[in-house]
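Engineer: Here is what each chain is made of, one letter per residue.
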Amino acid sequence: MSEQIREQISAFLDGELPNSESELLLKRLTRDAELRESFGRYALIGEALRGSDRVPLTRGFAERLNCAIDGEPAAASVQARHGGRPRWWRPVAGAAVAAGVAAMAVLALQQRADAPAMRASSPVTAQNRAAVAKEAISYTVPAALPEAPAVLPAARLTNYVFAHSQYSSVLGERNVLSGLLADADEQQAGDGRAVNVPAANVPAANVPAANGIRLPAPPADSRAAP
Amino acid sequence: MSKPLRRGPQWLIPCAAAGALAFALTQQSRGADDARAWLEKMNQALAVRNYDGTFFHLSDGRVETMRIVHRVKAGRVTERLQSLDGSGREFVRNNDELTCYLPDKHTILVEPRQDHGPLLGSLAHFGADVGEFYSLELLPTARVLGRSAKVIVVNPKDQFRFGYRLWLDENTAMPLKSQLCDSRGQVIEQIVFARLTMPDNIPDSELTPAVSTEGMRWVRQGTSTDTAPPALLAYRASELPPGFHLTVAGAQTLGAASIPAAHLVYSDGLATVSVFVEAQSDRKSGAAGQAQVEPEAPLQGLARVGSGFAFSTVVQGHQVTAVGEVPARTVEFIAHSVKSAGDPPHP
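In order, the protein sequence lines correspond to chains A and B. When the letters of the first sequence are read in order and numbered with our numbering, they come out as residues 60 to 285. When the letters of the second sequence are read in order and numbered with our numbering, they come out as residues 55 to 401.
Don't take each hint at face value.
[To be verified] Here chain A is said to cover these stretches of chain B; the calculated rule only asks that three of the stretch's residues, wherever they fall, bring their Cβ under 8 Å from a Cβ of chain A: (1) 123 to 129; (2) 134 to 148; (3) 194 to 203; (4) 246 to 258; (5) 303 to 309; (6) 368 to 378.
Calculated from the structure, these hints are not laboratory results. Please read all numbers here as calculations on a predicted model, not as lab measurements. Ideal placement from N, C-alpha and C gives every residue a C-beta, glycine not left out.
Build out the structure end to end from the sequences listed, making use of the hints.
Structural biologist: What follows is the structure, given as C-alpha cells:
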C-alpha cells in the first residue's frame, strides 16, 4: 500500500480529507479488498487510541514492531514528511496488531475452555464473569474457531433477524441490516457464524503496555437497582 | 434591571447564590437535554429527508462499502440499501414491505411491514426513561466529511445494552458517522459516510435493485398478524435485564415454517430484543405441499448477527430464540428466562 493511500485513509478517519478525495478513496476501496482490510485495521486501531489515554511509545519500539510485522520501516520517514505531525495510528499500528495476534491466541484458548459455560443462565454468575472478560476484547480480528460449532443456520437466523428488524430503532435497524449485508462471506462459508462472542478485546493484563491502551477496570456485573 | 441593584445588594446575594447553584446543577442535565434534542432531530432527518450516501461499514476489522438511498415522496417511503463489494446483496423497503435480495443464495426474502414502521421512529423517541439506562452527552463539535458535526454519546449504564457515538451534521442532523459501542465505550462497529447528498428528487431508477430475479427462490414471511397456537402464546420472559419491558406480543410465520411462531418484543426504550417461540416438534409436520420443509434439528447456542446477537435454546420442548442489537449476555439472559405462563415450571 502506498504511503499516499495510508495518508488518505488516516486523514479520512480524522475527518480531514476533502470531499473530492474521499470519493476517490471510496472508489479505490470498493475495488480493492486488500485495501479495505487495511482500512478496517487502521480504523479499529485509531478508535482504540482515541478512546483511551495514550501512552506514547518510544519511536524505536514502534519501529521495531512495524518492521517485525509488515516489514515496512515505520513512522520516521512519514513524520518527517509531515513536519513532525504524526498521524495517530502510525507509531502504534504495529504494536496494536501484535497485541491483537496475542489476544487471539489467548481468546482461542479461553473460548475452548468456556464452551460448556454457554449454558449459564444468569449473567451474574462466575461463569459469566469469564464471558464479560471476553466481551471486553475488541480491536482484534475475530479468531476463527474451528472447534466452535456453527449452531444457528444462516437461513433461519436471517428469518429471525428480519422479523425482528422492524421493531428496532432507526439506527438499530440500519445497523442490523447492513450487518446482514456484510455477513455475506461468512454465511456462505459455513452456513452460519460460529459461536463467537464478539471477539475481541484484550483484557489489560494480557497486553501490558504493548499498545499503550489501558482498559478501564471491568464494571460491576449489573447495575444496582435504583 | 438596575432597580433592584439600587435597592440593596443584600437582596441579590442569596438570589445569585441560588441561581449559581441551580445553574451548576442543571448544566449536566442541559447537556443531556441538548443531546436528546439532537437525537430527535436525527431520527426526524433519517425518516423524512431524501438522501443518497455511500458509507463504510466497519466491523471486526472488516470493511464493507454500502450505499443507501432514501426517498420520501407523497408520504411514501422507499429505501434501498446495497452492498457495493461484490455479494450483490440488497434491501429494498417501501411502506409495507422489506425485500432482501440475496443473489449469492439465489433467494429473495420478503418481509411484510406495517405502515407505521420504525421509519417513523416509533421506538426511538429517546424518551425521558432512556436516561435511566443510558447517559447522554453532547461533546464538542468535530469535523466529519468536511462538515461541522455535533458529537453525541449515548452511553449504556450497564452491560445489558450497547451505546452509540454519533457525529451529526450541524446543518441537517444526519449521522455522518456512527459507532456502536459496548458499556466500556469500545467500538463494536461503525458506519462512516464517504459521500452524502440530500437531493430534492430521487428518480425511481436509483431505488430499483440491480439484481436479476430470474431463477431466484422467493420466500415470503408471514405477517405479524398471524395467529399462533395458544400454547405458544403463553410463553413470556419470566425475568428481564433492568429496564426491559414487553412492548409487543404477536405471532409471525418465519420463512417456510408451517406454524406461526409467537413473537415477543422487549425494549428498554432504545434497544430491542425479539423472542421467537416455535413449536419444535411440529416443524417437521409441514403440509403436503411444502415438501421443502425438512425436519430441523433444535437450535442451541449463540450466534452473531449483524451488530447484535441471537441465542437459541429449547424450553419445555419449544424452540426459543432471542435476537437483538444488544450484547450476547442480554439475549442469553432473556432466552433462558422464557417460560410458559400456563405450565408449571420444570424442575
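Engineer: Run every hint past the structure and note whether it holds.
Structural biologist: Results of checking the hints against the structure:
Coverage of the stretch 123 to 129 of chain B by chain A is violated. Counting CB-CB distances below 8 Å, 0 residues qualify, and the rule asks for three or more. Counting residues of the stretch 134 to 148 of chain B whose C-beta lies closer than 8 Å to any C-beta of chain A gives 9; at least three are required, and the coverage claim holds. Here's how the stretch 194 to 203 of chain B fares: 6 of its residues keep a CB closer than 8 Å to some CB of chain A, so the rule of at least three is met and the hint holds. Three residues within the 8 Å Cβ limit are the bar, and the stretch 246 to 258 of chain B against chain A gives 3, so the coverage statement holds.
Note: the stretch 303 to 309 of chain B has 3 residues with beta-carbon separation from chain A under 8 Å; the three-residue rule is met and the coverage holds. Remark: the stretch 368 to 378 of chain B is confirmed as covered by chain A, as 3 of its residues place a Cβ nearer than 8 Å to a Cβ of that chain, reaching the required three.
In terms of the numbered hints stated before, the structure departs from hint 1 and from no other.
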